[in-house]
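**Student:** Each chain, letter by letter, is given below.
There are 2 protein chains.
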Amino acid sequence: MTRLRIAEIFGPTIQGEGALIGEPTVFVRTGGCDYRCSWCDSLHAVDTAYRHDWAAMTTDAVWSRVRGLSGGRPLTVSLSGGNPAIQDFAPLIALGRTEGYRFACETQGSIAKPWFSELDTLVLSPKPPSSGETVDWAAFDACLLAAGNGPKTVMKIVIFDERDYAWARAAADRYPALPLYLQPGNETVDPTQPVDPQTLSDRLLWLVEKVTADGWFTPRVLPQLHVLLWGNKRGV
Amino acid sequence: MTRLRIAEIFGPTIQGEGALIGEPTVFVRTGGCDYRCSWCDSLHAVDTAYRHDWAAMTTDAVWSRVRGLSGGRPLTVSLSGGNPAIQDFAPLIALGRTEGYRFACETQGSIAKPWFSELDTLVLSPKPPSSGETVDWAAFDACLLAAGNGPKTVMKIVIFDERDYAWARAAADRYPALPLYLQPGNETVDPTQPVDPQTLSDRLLWLVEKVTADGWFTPRVLPQLHVLLWGNKRGV
Chain A
493 MTRLRIAEIF
503 GPTIQGEGAL
513 IGEPTVFVRT
523 GGCDYRCSWC
533 DSLHAVDTAY
543 RHDWAAMTTD
553 AVWSRVRGLS
563 GGRPLTVSLS
573 GGNPAIQDFA
583 PLIALGRTEG
593 YRFACETQGS
603 IAKPWFSELD
613 TLVLSPKPPS
623 SGETVDWAAF
633 DACLLAAGNG
643 PKTVMKIVIF
653 DERDYAWARA
663 AADRYPALPL
673 YLQPGNETVD
683 PTQPVDPQTL
693 SDRLLWLVEK
703 VTADGWFTPR
713 VLPQLHVLLW
723 GNKRGV
Chain B
493 MTRLRIAEIF
503 GPTIQGEGAL
513 IGEPTVFVRT
523 GGCDYRCSWC
533 DSLHAVDTAY
543 RHDWAAMTTD
553 AVWSRVRGLS
563 GGRPLTVSLS
573 GGNPAIQDFA
583 PLIALGRTEG
593 YRFACETQGS
603 IAKPWFSELD
613 TLVLSPKPPS
623 SGETVDWAAF
633 DACLLAAGNG
643 PKTVMKIVIF
653 DERDYAWARA
663 AADRYPALPL
673 YLQPGNETVD
683 PTQPVDPQTL
693 SDRLLWLVEK
703 VTADGWFTPR
713 VLPQLHVLLW
723 GNKRGV
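Just so you know, the sequences run in chain order A and B.
So the first sequence is numbered by the numbering used here: it starts at 493 and just counts up by one.
So the second sequence is numbered by the numbering used here: it starts at 493 and just counts up by one.
Next comes chain A alone, as it looks inside the complex (with noise of 0.2 Å):
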């Protein structure tokens, strides 16, 4: 039987952004990816040195750790990484659904998987210019098509800077349909560094002041409210 790569699964805690922020969620975080970010704030689940740690577990081990994570109440999963769109997930949203669990996954939009018209939400995050990664449209096509009207697809955008900022406008332009979601990047990464929340209200704060500046009125900005919480301790 075909394994998963987990790197962890944890919560339950709220979603910290985009769509669902402020959900109650339980996160699977999978290993493996195939971006690189240069400002990656999951490296844990992206960088192979870390392989080890990544558990190989079956469908049934992770349904029956989200279970128990959750009570067993229904509750919104968030499938994240790494980039879970790697592996197979149509197994274990088939037995979280018969049990009423919903299914939330981020995925950069780099590869399709059938399963993603099973989701409830889909969050598309091409990467910018300042991440290194340069985004195949043909792929994040195929995604949108694969997903179809399944799933509430949108998509989010991390912004670091002024050219990260003209693209998003460039993909938004794009992808009219799609709701879109801004968020300031995270130039302190290190789990075992403090985030200061002042800097947080400030990078925050140039991002709207940019959007409602140039009368940008379709996506919504937002913080992490993880990063706000916890800094970037891992695990909630």
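The list cannot tell twin chains apart, which means a pair is met if one copy fits it or any two copies do.
Quick list of in silico lysine to any residue cross-link-like pairs, SDA-like style, CA-CA up to 25 Å: (1) K702 with G560; (2) K702 with S556; (3) K644 with P671; (4) K644 with A663; (5) K725 with L697; (6) K702 with K725; (7) K702 with G564; (8) K725 with L561; (9) K702 with P689; (10) K725 with R528; (11) K644 with G592.
No lab work stands behind these hints, which were simulated from the structure alone.
Since the structure of chain A is provided, determine the placement of chain B on it from the hints.
**Tutor:** Showing chain B alone in chain A's frame:
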């Protein structure tokens, strides 16, 4: 012609809380309220000691100001107060809608108005015991009835203490079909005093830990981003 009593019109900025958190918006804050919550953060729109600061504006004048601030680019207009349900916003909503603007209204749910059905978003925010007010649930039900299937209607509850929290759980049980947003109360509402971001983080953490410990997974738990960004300063 009936004039609207307006405490302030400002923006574009982002909606700092609740269902539309992060959304660019222009605020129309009305003057006058039928409540006097102990911890009110908008006394300048509630306390009649400030009534000489409230402008008596025609609907056209209000619309002209909203249009000017947003550069004629459609966005969400947030009707707040005070209690905006004291006054007649039907003509303003009709005017704005012809130009593609959307309308959200936040009210405690003590007064129902036919124009609720014309809104895009209605936030009903019944006040918990710490406010010193007592909710009239028959009036609240009348608000739901007036809204009908017109807007997306949600419930938002501010929570200061354990008693408020227990009260919110009972209110949620009463309206299981209403999406629910919980928000930690802001203890420091003096606009001349800075707000410590750490305090905001601590208050949010308290509430997040309560709902997750209780396995209460239906509400979203969100802070007031505008307080994080600007403290209690007005007009932002």
